[in-house]
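Visitor: Below, each chain spelled out in residue letters.
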Amino acid sequence: MDDSRPIYLQIAEQLEDDIVEGRLPEESQIPSTNELAAFLRINPATAGKGVGLLVDQGILYKKRGIGMFVADGARARLVAQRRERFREQYLAPLLAEAQKLGIAPAQLAAMIQETAR
Amino acid sequence: MSVIRVQNLSKRYGRSSGAVQAVAEASFTLDENRIHGLLGRNGAGKTTLMQLLTGQEFADHGTIEIFGENPVENARVLDRVCFIKESQRYPDDFRVHHVLSTAPRFFADWDADFADELVERFRVPVKRRMKKLSRGQLSAVGVIVGLASRAPLTFFDEPYLGLDAVARQLFYDVLLADYSEHPRTVVLSTHLIDEVSNLLEHVLVIDEGRIVIDADADELRGSAIDVVGTRTTVEAFTAGREVLHRAHLGSLATATIAGLDEAGRAEARAAGLELEPVSLQQLVVRTTGDTPGGPADRTNGGRA
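Going down the list, the protein sequences come from chains A and B. Residue 1 is where the first sequence starts when you use my numbering, and the numbers rise one by one after that. Residue 1001 is where the second sequence starts when you use my numbering, and the numbers rise one by one after that.
Since the hints were made in silico from the structure, they are not lab data. Bear in mind the structure is a predicted one, so any value in this text is a computation, not a measurement. Please note: incorrect hints may appear among the correct ones.
To be verified - Here are the simulated EDC-like cross-link-like pairs (lysine to aspartate or glutamate), alpha carbons at most 20 Å apart as the crow flies:
{"hint": "1", "chain 1": "A", "residue 1": "49", "chain 2": "B", "residue 2": "1219"}
{"hint": "2", "chain 1": "A", "residue 1": "49", "chain 2": "B", "residue 2": "1267"}
{"hint": "3", "chain 1": "A", "residue 1": "62", "chain 2": "A", "residue 2": "97"}
{"hint": "4", "chain 1": "A", "residue 1": "49", "chain 2": "B", "residue 2": "1181"}
{"hint": "5", "chain 1": "A", "residue 1": "49", "chain 2": "B", "residue 2": "1201"}
{"hint": "6", "chain 1": "A", "residue 1": "100", "chain 2": "B", "residue 2": "1032"}
Just need the whole structure built from these sequences, with the hints factored in.
Guide: So this is what it looks like as structure tokens:
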């Protein structure tokens, strides 16, 4: 766990990652709060708070007496959210560093093309 | 619902010049079915506070309610409390199995099968005399009693002395798993903060008898941050902000700042400062570390 942010947010992000990358497919059951707590060695209430955050956003839903499941369409929604954040989270720091090193945006674009190949 | 409610609690040991104010005007409440951390340096007042809460010491003044009642000589309260002390004494001829066989008399919810399982996992020699046990084995017996008692309110006072890293991790894992299955209120006193910070839901930090932090663990996480950079930049940035701690090396400086919001963080980055997270342990160290007037103030908190 990273010390700079609340654990429940990190739990929510890990679950989001698992959904985006297909490790938790839509309509599949996620681990229980107690399983998450034991596996990650964190307080179960904290794990529950992270799961609750995704329930509030409609990414997960509860089947009474059974457990938590990934909602239909959750992956597409998470991908859309992340695309929106991509610019500020990844492009802004990349451009700032490039500027420090005297790499012009056009050069940067060429480097990206080259590396992606 | 709160299980523990404390108002203006004070306890002083000794008289006049050599007196120690072990607990000073402490007020707090602890909610039911949570794992609370009681953190602080050696001699900060952790043990005294737990002795007061379990009716083993008398307060100078202030009130304590445990399950809504005063705990002193009150069986209705004490029957639901388990206190695992750092240095528990046992009758001279007691062996480990005697401890385990008498425990059900004290703890209504005692789970003998669970205790047996833990004896195996902690590799405690059940036939050995208590006074022949190593420090680690003695601690393991305490941990086993504390867990298998399933008491609605369980105190662990630095329960890990002499336990190796493997046994401590086993304790934390079993505590989490059993707490998940059988929710109850746990108060864990420790100075190995990094080891337990993820287990805690709520944190009390005591320093020289005073409660200096009373907050949700997740709220504290990220509440303080280190800014690192040249001394002039750090000084300019920290002017007018709450600084918990400062250090410098030549022309470089570090300042720990409380409650820096996202805008403040962006401002720090724009000024060319590096931001580094502060762990719960570092936060406690910086809140309770040696401050001007620290130890000398130890005896000044008494009753007027």
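Visitor: All hints are to be evaluated individually against the structure, with a verdict given for each.
Guide: Cross-check of the supplied hints:
1. A:49 - B:1219: Holds - the C-alpha atoms of residue 1219 of chain B and residue 49 of chain A are around 13 Å apart, at most 20 Å.
2. A:49 - B:1267: Violated, because 30 Å separates the two Cα atoms, which is more than 20 Å.
3. A:62 - A:97: violated (44 Å)
4. A:49 - B:1181: OK: residue 49 of chain A and residue 1181 of chain B at ~18 Å, within 20 Å.
5. A:49 - B:1201: holds (11 Å)
6. A:100 - B:1032: Violated, at roughly 53 Å.
Hints 2, 3, 6 from the list above are not met by this structure, while the remaining hints are.
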